[in-house]
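**Q** Residues per chain are reported as follows:
Number of protein chains: 2
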Amino acid sequence: MATKYFLSEDRMPTSWYNLNSDFPAPLPPPLHPGTLQPAGPDDLAPLFPMALIMQEMTPERYIEIPEEVQDIYKLWRPTPLFRAPHWEKALDTPAKIFFKYEGVSPAGSHKPNTSVPQAYYNKQEGITKLTTETGAGQWGSALSMACQMFGMELLVYMVKISYQQKPYRRSMIHTWGAEVIPSPSDTTNAGRAFLANDPDSTGSLGMAISEAVEVAATNEDTHYSLGSVLNHVMHHQTVIGQEAMEQCADAGVYPDIVIGCAGGGSNFAGISFPFIGAKIREGKETRIIAVEPAACPSLTKGIYAYDFGDVGMLTPLLKMHTLGHDFVPAGIHAGGLRYHGMAPMVSHALQLGLIEAEAYTQNACFKAAVQFARTEGIIPAPESSHALASVVNAAEQCKQSGEAKTILFNLSGHGHFDMAAYDNYLSGNLQDYAYPAEKVAEAQARMPQVG
Amino acid sequence: MATKYFLSEDRMPTSWYNLNSDFPAPLPPPLHPGTLQPAGPDDLAPLFPMALIMQEMTPERYIEIPEEVQDIYKLWRPTPLFRAPHWEKALDTPAKIFFKYEGVSPAGSHKPNTSVPQAYYNKQEGITKLTTETGAGQWGSALSMACQMFGMELLVYMVKISYQQKPYRRSMIHTWGAEVIPSPSDTTNAGRAFLANDPDSTGSLGMAISEAVEVAATNEDTHYSLGSVLNHVMHHQTVIGQEAMEQCADAGVYPDIVIGCAGGGSNFAGISFPFIGAKIREGKETRIIAVEPAACPSLTKGIYAYDFGDVGMLTPLLKMHTLGHDFVPAGIHAGGLRYHGMAPMVSHALQLGLIEAEAYTQNACFKAAVQFARTEGIIPAPESSHALASVVNAAEQCKQSGEAKTILFNLSGHGHFDMAAYDNYLSGNLQDYAYPAEKVAEAQARMPQVG
Chain A
7 MATKYFLSED RMPTSWYNLN SDFPAPLPPP LHPGTLQPAG PDDLAPLFPM
57 ALIMQEMTPE RYIEIPEEVQ DIYKLWRPTP LFRAPHWEKA LDTPAKIFFK
107 YEGVSPAGSH KPNTSVPQAY YNKQEGITKL TTETGAGQWG SALSMACQMF
157 GMELLVYMVK ISYQQKPYRR SMIHTWGAEV IPSPSDTTNA GRAFLANDPD
207 STGSLGMAIS EAVEVAATNE DTHYSLGSVL NHVMHHQTVI GQEAMEQCAD
257 AGVYPDIVIG CAGGGSNFAG ISFPFIGAKI REGKETRIIA VEPAACPSLT
307 KGIYAYDFGD VGMLTPLLKM HTLGHDFVPA GIHAGGLRYH GMAPMVSHAL
357 QLGLIEAEAY TQNACFKAAV QFARTEGIIP APESSHALAS VVNAAEQCKQ
407 SGEAKTILFN LSGHGHFDMA AYDNYLSGNL QDYAYPAEKV AEAQARMPQV
457 G
Chain B
7 MATKYFLSED RMPTSWYNLN SDFPAPLPPP LHPGTLQPAG PDDLAPLFPM
57 ALIMQEMTPE RYIEIPEEVQ DIYKLWRPTP LFRAPHWEKA LDTPAKIFFK
107 YEGVSPAGSH KPNTSVPQAY YNKQEGITKL TTETGAGQWG SALSMACQMF
157 GMELLVYMVK ISYQQKPYRR SMIHTWGAEV IPSPSDTTNA GRAFLANDPD
207 STGSLGMAIS EAVEVAATNE DTHYSLGSVL NHVMHHQTVI GQEAMEQCAD
257 AGVYPDIVIG CAGGGSNFAG ISFPFIGAKI REGKETRIIA VEPAACPSLT
307 KGIYAYDFGD VGMLTPLLKM HTLGHDFVPA GIHAGGLRYH GMAPMVSHAL
357 QLGLIEAEAY TQNACFKAAV QFARTEGIIP APESSHALAS VVNAAEQCKQ
407 SGEAKTILFN LSGHGHFDMA AYDNYLSGNL QDYAYPAEKV AEAQARMPQV
457 G
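Line order of the protein sequences matches chains A and B. The opening residue of the first sequence carries number 7 in the working numbering; numbering runs sequentially from there. The opening residue of the second sequence carries number 7 in the working numbering; numbering runs sequentially from there.
Bound-form chain A, shown alone (with noise of 0.2 angstroms):
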């Protein structure tokens, strides 16, 4: 079966890093969505306590972790590093198969690495409430969590169409202790305003996001918190990569690919950056690639301008990889992945030529989600089964070419609030999206003009 490699409590990171500071090319600021200019640290502030916004701009490679937040990441940090040898054999590859496993948090997914920063920071900031969106909960729930932990209120507008088909991941949130409300709803201006528009609405998270964000700049005492996009986000989830390394030099290897699935871009980043500044660094010949559904392609169909981060136009501009703000993906089940557009750090890095990216269609990400529960016991967040897919691929391509190629990806969460979906992956009734490529055109004609 699997092997694992622990990594023991004194050797877990004490900070993240922060691939800014070693990218060829800086990174394209954001923008006011007024004014259309660099956005300031001020123009943040209503949002964003002043330490993260900091973490945002800041060239520093390493941002130290406060110790508070090192004792709640020691609930279930480090996270193990486990080698699959029986998916490998089920997969009859030469290929040396890693991953890296963040199921264990308390919230079964890589959510909390960021979250309890977020919430600390704002704490310490005087800030007591905060606001957020969810889609499937992932995100949602893993605030609830942090939030609670630090006694703060929170208030997640959660996508409608999940409120009402996904209740366990609500309920979750409700165990924390925080509010939920679906969307959109009546209790914003951006909400009655997308109701008006269409009473029946089953939202989105950009529509959530707009909801959540006005929120926050309507009152004093309360902030906003993003799960994915933003710089301080991925800076929070290069625990995950760091460890990684640590973890592969144990057993010996350095991995020749390295694959996560890539939605706002979080957990890819988590896995990645660090190997990404060993590429720039140190010259390492390093495969990177981002796992996106086919359904929501930003990466692979997406094109690359400002675009909002929200249906409301609230948020600031952020250059990215993007299919449109106003752009509603289909149903699909890894609805962690459904968002229109991409972390401006991981746009960035497809731009500079240091990553690859790839899209599958939901029903080969479970054909190896279940291949992969069956042999080496783990069931995959659906989100997670993408980058299982694009392992696959890899592993297929050493079969042909005979090389024993050591691959490392992120299983950056369990499925065990996505049950159903592998019921209807396994009855045969799961439906593949492709995404129309007529949208391109129509995304591309309603960008917001910038400079």
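Simulated from the structure, these hints should not be mistaken for lab results. Wrong hints could be hidden among the right ones.
Identical chains share a label here; the pair holds if one copy fits it or two copies do between them.
To be verified - Straight line, CA to CA, 30 angstroms or less: simulated DSS-like cross-link-like pairs of lysine-lysine: (1) 95 - 290; (2) 307 - 445; (3) 166 - 373; (4) 10 - 411; (5) 80 - 411; (6) 129 - 373; (7) 102 - 129; (8) 102 - 172; (9) 80 - 166; (10) 307 - 290; (11) 135 - 373; (12) 325 - 373; (13) 325 - 445; (14) 411 - 325; (15) 405 - 80; (16) 80 - 373; (17) 102 - 80; (18) 95 - 129; (19) 135 - 95; (20) 95 - 80; (21) 445 - 172; (22) 307 - 129; (23) 172 - 373; (24) 129 - 10; (25) 285 - 10.
Based on the hints, put chain B in the right spot on chain A.
**A** Same frame as chain A, but now just chain B:
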């Protein structure tokens, strides 16, 4: 936050501990259901492999864990031991609270500790197919994972009400490749008899056992597997307590009180038997508490007698605390604790005064579980929440007496499959059931007449 005590793999137990070797009086043997004479190995051979039958009867203190089983254990073992300082603070108690966390296994509970060796020994003896029963699905999923790992078929009889109302563990069983039939079914004589008696029967664990046992008894290549109650299952689970003992030593403590929830008795045995052994051999003064639901209180309200393990009266008779083999417990959310009997070894330990038993209603249990989730992060399974209710009680006693006792409990699984139960609790809709006192006399009257 919680302080974690990891154990390196090289300190993982290499033997299971057998409390039968240390009991001051011998365990009453199982009886053949026809002859009412002690059942010998041959009587059990149609159902179990000889290796497990020998473990059932051996007087040896330690049973070596096969290397193949240790290899699979390493997928999630050793499991972490935590101290829970934030819960201690919320409870305002001088007690030191430690817990062993079994929810990190791929199935999310302690059950794979025995499903893996059971599949292994059956495979070793040429068996290609197993049958079993499951209530809410913890055991069925754990065994399906193990069978899949050894390339064996599995047929699971799932209590019909759970099959209908709790589809997600059923999906998990399917994902791991096993077949699931709602029980009672028309696929067995026992099932047809139950249905003839009550066509609308929603089933019970006792009925599902009858069906699974019948299939195994009447098919040469098929054996039966039980997830609790039997001696070998108790032995297998002692990896929990053995690891905890090492980890407590690392933490510089020895528990004054050891607490586990008890349905059939396996996770309770797992955490407590090594400590009971130390109590007997070394005179340690440890309180050991088994905690059961007030709705299904075999240890606190049942009678200690020879009874059947199933409704169909097909199993050997076991000397145990029982509510009567035809008792159908109220529909509480802790599905894994809804069994009429108790493991003979646990019952024997209670008779000998080595352990105590307590019962709690489910609102008290969920109250403790929510407080725990909000302070230490992890959301407990409803079964495990019974242990937490007892910890709250013990911590309160420490507060009254001012004693800083060390409490160790087993957090046998996470509650990610049971969020609907948390919803019910949080919305105030959870009903408490008491076991009707008159049932005891009724059960006594229907008990099989032995000796």
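**Q** Taking the hints in turn, state whether each one holds.
**A** Checked hints:
1. 95 - 290: Answer is within: at 28 angstroms inside a copy they meet the 30 angstroms cutoff, but 49 angstroms across does not.
2. 307 - 445: Classified as within; 10 angstroms inside a copy, 67 angstroms across copies.
3. 166 - 373: both (29 angstroms within a copy, 29 angstroms between copies)
4. 10 - 411: Cα proximity of residue 10 and residue 411: one copy only (19 angstroms, versus 35 angstroms across).
5. 80 - 411: between (32 angstroms within a copy, 24 angstroms between copies)
6. 129 - 373: between (43 angstroms within a copy, 27 angstroms between copies)
7. 102 - 129: The answer is between: 28 angstroms across copies meets 30 angstroms, while 44 angstroms in one copy does not.
8. 102 - 172: The answer is neither: 36 angstroms in one copy and 38 angstroms across copies each exceed 30 angstroms.
9. 80 - 166: Neither, since 34 angstroms and 41 angstroms both go past 30 angstroms.
10. 307 - 290: Close inside one copy (28 angstroms), not across copies (67 angstroms); limit 30 angstroms.
11. 135 - 373: Only across copies: residue 135 and residue 373 sit 24 angstroms apart there, 42 angstroms inside one copy, limit 30 angstroms.
12. 325 - 373: neither (34 angstroms within a copy, 47 angstroms between copies)
13. 325 - 445: Within one copy only: 19 angstroms inside, 70 angstroms across.
14. 411 - 325: Cα proximity of residue 411 and residue 325: none, with 34 angstroms in one copy and 57 angstroms across.
15. 405 - 80: The answer is between: 28 angstroms across copies meets 30 angstroms, while 39 angstroms in one copy does not.
16. 80 - 373: Between. Shortest inter-copy distance 25 angstroms satisfies the 30 angstroms Cα cut-off; intra-copy 33 angstroms does not.
17. 102 - 80: both (29 angstroms within a copy, 19 angstroms between copies)
18. 95 - 129: For residue 95 and residue 129, the Cα distance is within 30 angstroms only across copies (20 angstroms; inside one copy 49 angstroms).
19. 135 - 95: between (50 angstroms within a copy, 23 angstroms between copies)
20. 95 - 80: Intra 34 angstroms, inter 19 angstroms, cutoff 30 angstroms: inter-copy only.
21. 445 - 172: within (28 angstroms within a copy, 40 angstroms between copies)
22. 307 - 129: So residue 307 and residue 129 fail the 30 angstroms test inside a copy (39 angstroms) and across (49 angstroms) alike.
23. 172 - 373: both (22 angstroms within a copy, 24 angstroms between copies)
24. 129 - 10: between (36 angstroms within a copy, 25 angstroms between copies)
25. 285 - 10: within (26 angstroms within a copy, 34 angstroms between copies)
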